[in-house]
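Participant: The sequence shown: position 204 = 211 (this note's numbering), numbered continuously.
Bear in mind the hints are in silico, worked out from the structure with no lab data behind them.
Since the model is a prediction, treat every value here as computed from it, not as a measurement.
For each residue, glycine too, the CB sits at the ideal point set by N, CA and C.
Treat the hints with caution; some may be incorrect.
[As the list claims (entries may be wrong)] Restraint ranges, calculated between C-beta atoms of paired labels, are given here: (1) Thr50 - Arg73: 30 to 36 Å; (2) Leu161 - Arg65: 42 to 48 Å; (3) Gly95 - Val30: 14 to 20 Å.
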Amino acid sequence: MWRPRGYAVVVGIGCSLLLAATVHHGTEIGAVEGALGPALALTLDGGIALGVVYAGGRVRDAGFTRDEEGRVARWTAAGTFLAAGAIGATLLVRAVEGRPLVEPVFPLLVAAGSGALGGAIAGYLAVRQEAEARRARDATRAVSFVNHLLRHDLRNDLSTIRGYADLAGSTGHGDGNTTGERGDDGNSDDGNGPGGRDASTVIAAKADEGLDRLETTSAVTDALLGDSDLHRVDLAAITREILEGLTERTDVTVEADLTGEAPVTANDGLRSVVDNLVENAVEHAGGDVTLRVAVRDDDGTVTLSVGDDGPGIPPERRAALFGDDDAGDAAAEGAGDRDGGTGSGGLFIVDSLVEEYGGTVSVGDADLGGTRFEVRLPRADDD
8 MWRPRGYAVV
18 VGIGCSLLLA
28 ATVHHGTEIG
38 AVEGALGPAL
48 ALTLDGGIAL
58 GVVYAGGRVR
68 DAGFTRDEEG
78 RVARWTAAGT
88 FLAAGAIGAT
98 LLVRAVEGRP
108 LVEPVFPLLV
118 AAGSGALGGA
128 IAGYLAVRQE
138 AEARRARDAT
148 RAVSFVNHLL
158 RHDLRNDLST
168 IRGYADLAGS
178 TGHGDGNTTG
188 ERGDDGNSDD
198 GNGPGGRDAS
208 TVIAAKADEG
218 LDRLETTSAV
228 TDALLGDSDL
238 HRVDLAAITR
248 EILEGLTERT
258 DVTVEADLTG
268 EAPVTANDGL
278 RSVVDNLVEN
288 AVEHAGGDVT
298 LRVAVRDDDG
308 TVTLSVGDDG
318 PGIPPERRAA
328 LFGDDDAGDA
338 AAEGAGDRDG
348 GTGSGGLFIV
358 DSLVEEYGGT
368 VSVGDADLGG
378 TRFEVRLPRA
388 DDD
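Please construct the entire structure, taking both the sequences and the accompanying hints into account.
Facilitator: So this is what it looks like as structure tokens:
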């Protein structure tokens with residue numbers, strides 16, 4: 008359904024008031040002696056109307072969204088009708104009392120214009136203040152993401168690299184013929200890394216993973232700040248690539264059901280969404296992990312679900328998982344084996360990114376007995 012832009016509504020109100028003032032005072036010139044009085048009156052109420060038109064132009068150039076412009080327009084209309092209504096009510100009372108009404112149109116025009124101008128200014132300031140507050144929150148979220156990336160994700164990658172480097176160094180070569188140890192990913196190693204892979208393979212995989220995280224940092228930060236250039240991205244392909252990397256470096260059992268193509272409107276930060284959900288399940292499900300990951304494309308909505316066979320999260324603690332780092336840590340610490348880390352700040356980033364992409368995130372019980380996270384995103388239009 009078509010609706011006019013908010014700034015156009017504000018300009019239209021101003022032009023209507025200016026036209027009404029011009030017509031009214033133009034007819035007065037022939038009814039009164041001299042043109043000075045009507046000219047002065049037109050200067051007053053017409054000048055106020057021009058101020059409303061100017062305010063509409065400022066709204067147009069402010070870079071507001073359509074919804075924000077609409078709010079300014081509603082403020083302007085409300086101010087117009089409230090001010091004109093107040094003066095109109097006083098004139099009505101005077102008429103009921105039988106008092107003479109001298110020049111009633113002029114005060115109505117002044118009141119309506121003043122109300123419109125005041126409403127436009129108030130709406131503009133209110134919307135701008137909220138926009139600045141939102142940008143500050145977005146900046147905080149972006150800083151939180153960078154902090155989380157450095158503090159948790161890259162630290163884990165580097166710790167794993169260091170551990171496998173020590174294993175390789177203890178034998179003097181990289182074939183990993185050492186006694187088994189348990190790595191940061193929770194998998195028991197037989198000396199050749201998870202699943203019999205040698206240390207050099209795991210080190211290379213974790214190094215590539217760390218580089219991928221750094222390469223997506225800029226895209227994620229742009230998305231959190233609302234400055235990203237969103238484009239068509241295949242969620243199924245990204246998920247498939249991340250799961251392939253996971254199975255190469257861990258003993259995690261993955262049950263994947265991925266559609267052929269699942270295009271959504273996002274940027275490279277979408278990789279961080281999938282990565283955080285998968286890593287969250289691997290790190291906190293405990294023991295031998297089984298993941299059930301699915302990507303579906305149904306009725307204009309693309310859905311990503313990641314379920315595990317871990318201990319699960321009590322329903323009363325699930326909402327807090329999507330808070331900032333502190334709130335998420337507190338919730339995760341009370342959710343059994345989910346001890347924070349990716350289970351807090353990572354999910355906060357997931358929720359923030361998905362919101363920027365126009366989607367939603369939910370958490371529930373998995374068929375495997377643990378926790379299932381579900382991301383729903385609008386399907387990208389076909390080119």
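Participant: Take the hints in turn and mark each one as holding or not.
Facilitator: These are the hints, each one checked on the structure:
For the pair Thr50 and Arg73, the beta carbons lie near 35 Å from each other, so the given range of 30 to 36 Å is met. One distance hint, 42 to 48 Å for the beta-carbon pair Leu161 and Arg65, holds here, with the actual separation near 45 Å. A hinted range of 14 to 20 Å holds for the C-beta pair Gly95 and Val30, which are about 19 Å apart.
Consistency note: the structure conflicts with none of the earlier hints.
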